[in-house]
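Visitor: Spelled out, the chains give:
Number of protein chains: 2
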Amino acid sequence: MARITYLTTIDFDHGAVAGLPDALAELGIARPLIVSDRGLVDAGLVDRVTATLPADMSVEVFDGTPANPTEAAALEACDRYLEGGRDGLVAVGGGSSMDLAKAVAVLTTHPQPLSQYAMIEGGVARLTDALAPVVAIPTTAGTGSEVGRGALVTLADGRKLALISPYLIPKRAICDPELTLGLTAATGMDALTHCVETFLSPLVNPPAEAIAIDGAARTARWIERAVTHGDDREARWQMMMAAMQGGMTFQKGLGAVHAMSHPLGSLAEPTLHHGTLNAVILPAVLRFNDGHVGDKYERLGAALGLGDADLAAWVEDLNARLGLPAHLRAMGVPDEVIPRMVEGALADHCSATNPRPASAADYRALFAEAMG
Amino acid sequence: MARITYLTTIDFDHGAVAGLPDALAELGIARPLIVSDRGLVDAGLVDRVTATLPADMSVEVFDGTPANPTEAAALEACDRYLEGGRDGLVAVGGGSSMDLAKAVAVLTTHPQPLSQYAMIEGGVARLTDALAPVVAIPTTAGTGSEVGRGALVTLADGRKLALISPYLIPKRAICDPELTLGLTAATGMDALTHCVETFLSPLVNPPAEAIAIDGAARTARWIERAVTHGDDREARWQMMMAAMQGGMTFQKGLGAVHAMSHPLGSLAEPTLHHGTLNAVILPAVLRFNDGHVGDKYERLGAALGLGDADLAAWVEDLNARLGLPAHLRAMGVPDEVIPRMVEGALADHCSATNPRPASAADYRALFAEAMG
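Chains as they are written, first to last, in my numbering: chain B, 850 to 1221; chain D, 850 to 1221.
Rather than coming from a laboratory, the hints here were simulated on the basis of the structure. Any given hint could be a false lead.
The list treats identical chains as interchangeable, and a pair is accepted whether it falls inside one copy or across any two copies.
[As the list claims (entries may be wrong)] Distance condition first, Cα-Cα at most 25 Å in a straight line; then the derived DMTMM-like pairs of lysine to aspartate or glutamate:
1) K1145 - E1165
2) K1145 - E1218
3) K1145 - D1211
4) K1145 - D1166
5) K1145 - D1159
Hey, can you work out the whole structure from these sequences and the hints?
Guide: Right, dumping it as structure tokens:
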């Protein structure tokens, strides 16, 4: 069992979920609310988590996490938390469950509406440490939210905004590759995108860059095996580690890929997967940033073992081998939303840390290229 | 200015010391005790730090840090802290000043004797978060103590033991390469040894390994320039970063080099420099560990740009180019202390994370090789 402490304390290994009772005891949580979704309940994943808890522990499961977390779902879970006299949250799921749990942690102790805590609304200063404690148990390898200080939530007004605060970092992450139900190409490419975008971010943070480039190389080495051999324990472990490494480097800032995928992810229709969006958008942004990243493409290429291959083309080929769509159009994104998506990308907090500043015209061109 | 938060918050850049007043204000420190040494006071370094503070701030300077920190000095500084009604510590100096400040932080709020907080005495559980806050301002690039959770102190009984606790991590590190008075080969080799030993440690922590191998490569690239061109701002920045990276990976555990250098550093006579000891001992330990580290020597060699060169031989050559001694005998270590040093190495907390377990006979052989 590896215990890793940087921004949070992470228990990481096959079977790590068995440590949940100890984690709850250490954090003083006696009446947890589990935040998950219907699919994970049906798949028996939530039962595997609750089975580790004492039989006499009062546990409630909220299974209403949407595909992309919403303020409405957070309010509903918060009501359950307060009505049940709960004293802590256990997120079981992918980024949506974890981000929703973070939003619930805010709402249990901070006044509504949630929008006032969004980063671009000056919310960082409004968040205090008086949050309900969150234990994060990821069941996908991708988001990294288990160690991240952000939560992306679609607000009542339709905007998908980030709550960001060191207080949002889960008090404990339990990363158990056994709980990943077969790895998906989309979540794995999400991890790769996190590592690549944070590595390229212009903020000065060499330790984060070192973690990011290692995570990117780990993804490149293991993603195809993890996707094609869902039962490969080593591949699952490695991909969960890569995803966590991506999450550890968020503090360095993401870039234009995320600035573009966030507004797309806020669309009510079609419902678009965050990881797939990132995978599809990444090549266009890599081409856009070329020449604005110093020697980082060479270093990344060397770490990924690309030889002379072009980085953007390598991502496109990888997407194709993984069976992911090549373009946003193939995901059902209609042309008429693009102007609104450009506005959203410009306003997104990740835009500021893209290595090459992107204007509205740039985003229009990037969306056009990604639409295909 | 880079702000980096992992285990602590680090302000890192040329001129970063200007941020000390803000750091103190954020931490609620109004009456700091500066912990430093006579040499740094005489060199004007302490004045450069205190010059950043408001003229009406009550500041006291303790300049009695010995070459290797002692319990006696910690008690003396603690008296000054309590008598002066101080509310926080600012360590200005190398590892000795920072480690002494950490010990003072313990003593201001925890009962004596200090020995009960040593890791090998079960002290981790006795340390609480009720410590005086410490701001660490390193003036060497080597120790990494500014971000580390350990403090090495020679106790009244002569043992050099480690206090280790997450609560010992300085609340703020201010890394200002302008404050490094010309970089020394010895402190730079200390940084390299931290990166190499933590990379080789068998604990599972890929993010720490990524930081460590990056720090090792950074040292290899910059140490000679930093030592020969003390006024090279870029080289100073890079070496201070490498040192900090070494400190960030301490949590993964060091190895036999440190297990051997710690008892040597506790000798009252001769007074031996920790970094020089590590540089001199490192080649012997690298040879001892060969074949017990998986593919890590290959990965390290690739990162350091060694080509086909032997890692241990490369360190020996580097030591020679830097003007460091080749053997402990040349440092004045007498043969008669070795049996006691073997005992000390076996008992040292770093012994447990050497990749190849070392017995008394192994340590005897390692000391014999290092003695020359």
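Visitor: If a hint holds in the structure, say so; if it does not, say that too.
Guide: We went through each hint and held it up to the structure:
1. K1145 - E1165: within (19 Å within a copy, 32 Å between copies)
2. K1145 - E1218: within (23 Å within a copy, 42 Å between copies)
3. K1145 - D1211: within (22 Å within a copy, 43 Å between copies)
4. K1145 - D1166: within (20 Å within a copy, 30 Å between copies)
5. K1145 - D1159: within (13 Å within a copy, 28 Å between copies)
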